Structure formats: C-alpha cells, structure tokens
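Each residue of the sequence shown is one higher than the one before, starting from 0 at the first, in numbering that gives the first Met the number 0.
No wet-lab data here; the hints were simulated from the structure.
Nothing here was measured: the structure is a model prediction, and the numbers come from that model.
One or more of the hints may lead you astray.
As the list claims (entries may be wrong) - Only pairs whose alpha carbons sit at most 27 Å apart, straight line, appear in this in silico DSS-like list of lysine-lysine:
| id | residue 1 | residue 2 |
| --- | --- | --- |
| 1 | K234 | K41 |
| 2 | K41 | K58 |
| 3 | K210 | K196 |
| 4 | K144 | K33 |
| 5 | K196 | K215 |
| 6 | K210 | K234 |
| 7 | K58 | K33 |
| 8 | K103 | K144 |
| 9 | K144 | K58 |
| 10 | K234 | K211 |
| 11 | K234 | K39 |
| 12 | K58 | K215 |
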Amino acid sequence: MKKLLFLIIALTTVFTSLDAITPTKATEKRNGPKRPDMNKIKDEVTNPESPYYYPVLMKMYEQNETIMNLEQYRHLYLGTIFQEDYNPYRHSPLSTSVEALYYKENHTRAELDSIISAAERSLQDDPFDLSQINYLIFALRHRGKNNRADIWQYRLNHLLEAIVSTGTGLDTDNAWFVINPRHEYNIINFQNGIAEKQSYVEPYYDHISVKKTSDKSPDGYYFNIRHILEEYYRKFPE
C-alpha cells in the first residue's frame, strides 16, 4: 500500500492533465479509440518487409525519434508482447535499487544523479517501465536537464496515448490493452484515480475498482490481458 501510494503521488507530479497524453481532440474526433487487431499487429511487427517491423520501430524509439505517430507507437508498445524476450512479470532489481530516495521530499544533486543512473539502467532491461520513465523525468527536470527530460516526456506521453487509444476502459468490450499489469495502475494513477481493489474477470480481464469522486465517475476500469496470459503460459508452461 505504501508503494502504491507513492506511485500515485509520483505520477501525479509529472502527469499534469489528462489532455496532455490522451489522443488529441482532432485524432479522437476522426478515429476515436480503436480496439487493436492483435493478430495483424503480430504479423506486422514480425515481418521485415513491414513498415511496423519491431526492430525498426525500436531503433527509431531509441534514437530519440520525435516524429513517430500514434500507429507506430501502438505497434511498438503492443508488439512487445510478440518478442521472444518478453515476460510480463519480469521485474528488474535495478528498479528498486534506489527506491528509498523516491520517498524523500528534497533531493541533493548526487541523489538525483543516482535516480537517473538507476532508472536508465532499469530501462535498458525493461524499456517500457512507465514508473521508471516517470522517475527519470522527475530527476532530469530537477537537475536542469530539460532537453533530455522533454525527450522522455514525449516518449511517456505517446506510450500512454497508445494504451488509452485501445478503448475506453469502461467495459470488457472496450477494455484497455496493456503489456504489463503494472501499467494498469499507471493509467489509473495518471488520471488522478485511486485504485481500491483489483479483481480478475473471466475469461481474460483485470478490473481495477477506483474511488468514486462523483455520481457520474466510473466504478473502475477494465484491462484486456488475454495476450499477456497467452504468451506467459506459452513460455512458462509450468
């Protein structure tokens, strides 16, 4: 609970408003949320002749490319599931190596540098650890490294946009697709929501109940974890 509470506070620090990372109004009006065709995405990210070939997209991402569009980010994020080294439950020990520093109200330059170093090393192991990206942005900003912070903020915004573009999260038919269960909490926290309870809904959904802020606010959000489970049990059949 303590760790979850900190995550809520940390994410709220960086994510200033929902409009900042959800699809732009023009995009939303034109297309709206679009349920991904995962079979098609698998074919495209594994085909060297495809413009969405995963190694090409990852190279663009790692080169600080800031012209990648939403569809490229959707293929990059969701296509991670179909990579041979994918494990949705992998947890890098580097992500907690300087965890105590995250709880401090004020940080020295040396402490900020330690957070930056640990986050960068952790992201080499798990490039889409949204919490570590958040910590990295926070530390870079406070060290005055705003150009690097802007690059990471751009990445984070578009990864989150890729998730929320997959649905509304309001029911199973419109569940959000994630590649890591921790991203479920990232999305809820980003909306300034407070997660209260997690439950599994057959056949392959997670439901996160949230604290209601008004009569019209949702009771919770649904996440489609079908492909997470399929890939995990395929690789780890025990």
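Hint by hint, here is what the structure shows:
1. K234 x K41: Answer holds: K234 to K41 is near 16 Å, not above 27 Å.
2. K41 x K58: holds (18 Å)
3. K210 x K196: holds (9 Å)
4. K144 x K33: violated (36 Å)
5. K196 x K215: holds (19 Å)
6. K210 x K234: violated (36 Å)
7. K58 x K33: holds (25 Å)
8. K103 x K144: Since the Cα atoms of K103 and K144 sit roughly 20 Å apart, the hinted pair holds (cutoff 27 Å).
9. K144 x K58: Given that 27 Å is the threshold and the Cα spacing comes to 23 Å, the pair holds.
10. K234 x K211: Violated, because 38 Å separates the two Cα atoms, which is more than 27 Å.
11. K234 x K39: holds (21 Å)
12. K58 x K215: violated (43 Å)
Figure legend: structure checked against the earlier numbered hints; hints not met, in rising order: 4, 6, 10 and 12.
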